[in-house]
Structure formats: structure tokens, C-alpha cells
Amino acid sequence: AQKITQTQPGMFVQEKEAVTLDCTYDTSDPSYGLFWYKQPSSGEMIFLIYQGSYDQQNATEGRYSLNFQKARKSANLVISASQLGDSAMYFCAMRQHNTDKLIFGTGTRLQVFP
Amino acid sequence: NAGVTQTPKFQVLKTGQSMTLQCAQDMNHEYMSWYRQDPGMGLRLIHYSVGAGITDQGEVPNGYNVSRSTTEDFPLRLLSAAPSQTSVYFCACAAGSSGANVLTFGAGSRLTVL
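Those sequence lines, one after another, are chains A and B. Per my numbering, the first sequence runs over residues 1 to 114. Per my numbering, the second sequence runs over residues 1 to 114.
Hints were generated in silico from the structure; no laboratory data involved. Some hints could be false.
Unchecked claim - Taking beta-carbon pairs under 10 Å as the criterion, some of the chain B residues facing chain A (in silico):
id : residue
1  : Gln-17
2  : Gly-40
3  : Ala-95
4  : Gly-106
What the hints assert, rightly or not - Not close to chain B: a few residues of chain A, all C-beta gaps over 12 Å, as computed:
id : residue
5  : Gln-39
6  : Leu-48
7  : Gln-69
8  : Lys-70
9  : Val-112
Even glycine gets a Cβ: it sits at the ideal position worked out from N, Cα and C.
Only chain A is shown next, with the shape it has when bound in the complex:
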């Protein structure tokens, strides 16, 4: 069975600093995809970044990068140069390629302070 674990219920970071949000996963399928979504206080779900299990390089999208450590089964999100607008809930999710299900973790609430 696939499982996503986010152990940090909340994180604080000062503006302009970098922050890492942890995500570990469990799967027996060698082929899978990992996603990060952002949910601001307004409630919408915003896709941030994707990493495939066979991708050779860590994914990057602007200030977002994914620290993918396959052997450790971790897919941590790194946000560089934090901005006040980064304050939100962040969800890690995984889809095994032998299923049609995208399973989410419980999320981490990030607060950026000036």
C-alpha cells in the first residue's frame, strides 16, 4: 500500500530565508510520481512541482526545488528566498503507476514572518 508522511505540522521561516518541508513515502512500486501542492488560506489547491521516480535530476520550478532521495524514500520541498505570500499549507502527494490514485499527506503549515 502507498503511504505519504509529513511529520512537520507547522514550520516558521523568516522572509528571504530558505526552508525545507519534509515528505517521506512508502511504496513497493518502482514506478511512481511525487507531487507538491500549496493551499493558501483562500482554500484553493495549487500545483507546485512534480518528480518522477526515474527522473535522474531533482525537479526545480522557480524558487521551488524537490530534494529527491530515492533510497531514503524522501521527497522534501525546498523553498528558497521565502516570501510572505508563501505562508500556506503544503501537501505532498504520491501516485503509484500501477494505480490511478493520488494519495496525499497530512500537510505542513508554513508561516513566513518579516
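Given the coordinates of chain A, assemble chain B onto it according to the supplied hints.
Frame of chain A, contents of chain B only:
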């Protein structure tokens, strides 16, 4: 281009009442799904569909029914609402069910069952 439209945005029900949450998408996406979001639980998959006429259960399907008669619509039915179904419900769709296909979410529907 509206994307994913959910109605209603808010609903209050009494225990035992039935209702349908509507979800419509105009992206011609094959994959559609319903999630519920509860504090501390993240997003949990209720039901999903990989195409018209095909539906399957997710992590928490009990108390909910779905159907997929067209590509565009994926309604979620609560036959006899219970207080435990108080939650925020999200409909999401993707071009496909595998690989890097990104879920696009609706704005959410907040349901309160008294």
C-alpha cells in the same frame, strides 16, 4: 475557460438528508476524483473515475456514491448525511491517471451536517 466548477460552495444539512455535490470540468479530462479535507487528516480520496462509465473507490468511500455518465460531470451523492461527513470536499481532474498528469482542483464545497 472555467476549469473545474463545484457547486454548491456551502451547504448545511440535517442528519439523514441527502444531497448531491456537483462537479463539472471543461478541459475534456478523462480522470476525475473527489477528496474530502479534514483538519489534521490532509486530503483523502473518496471516489475516482478514469473515464465515462467507469468509477472506483478511494480510501474513504463509505456513505458516498458517484456516477460518470459524461466526460464533463462527476457528481458526488450523499444518500443519508451524517455529522462525520462534515468536511470540505474537493473535486479534481487530470488529463490521465498516470505519470506526471497534474490534478486540477475545484474551489471546494464546505458541507456541514447537523
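Consistency of the hints with the structure:
1. Gln-17: Interface hint status for Gln-17(B): violated (24 Å vs cutoff 10 Å).
2. Gly-40: Check passed: Cβ of Gly-40(B) comes within 6 Å of chain A, closer than 10 Å.
3. Ala-95: violated, 13 Å
4. Gly-106: holds, 9 Å
5. Gln-39: Contrary to the label, Gln-39(A) does not stay out of reach of chain B, its closest Cβ about 9 Å off (not over 12 Å).
6. Leu-48: The assertion about Leu-48(A) is violated, with a minimum of 10 Å to chain B.
7. Gln-69: holds, 19 Å
8. Lys-70: holds, 17 Å
9. Val-112: holds, 21 Å
In summary, the structure is inconsistent with hints 1, 3, 5, 6 from the numbered list given earlier, while agreeing with the others.
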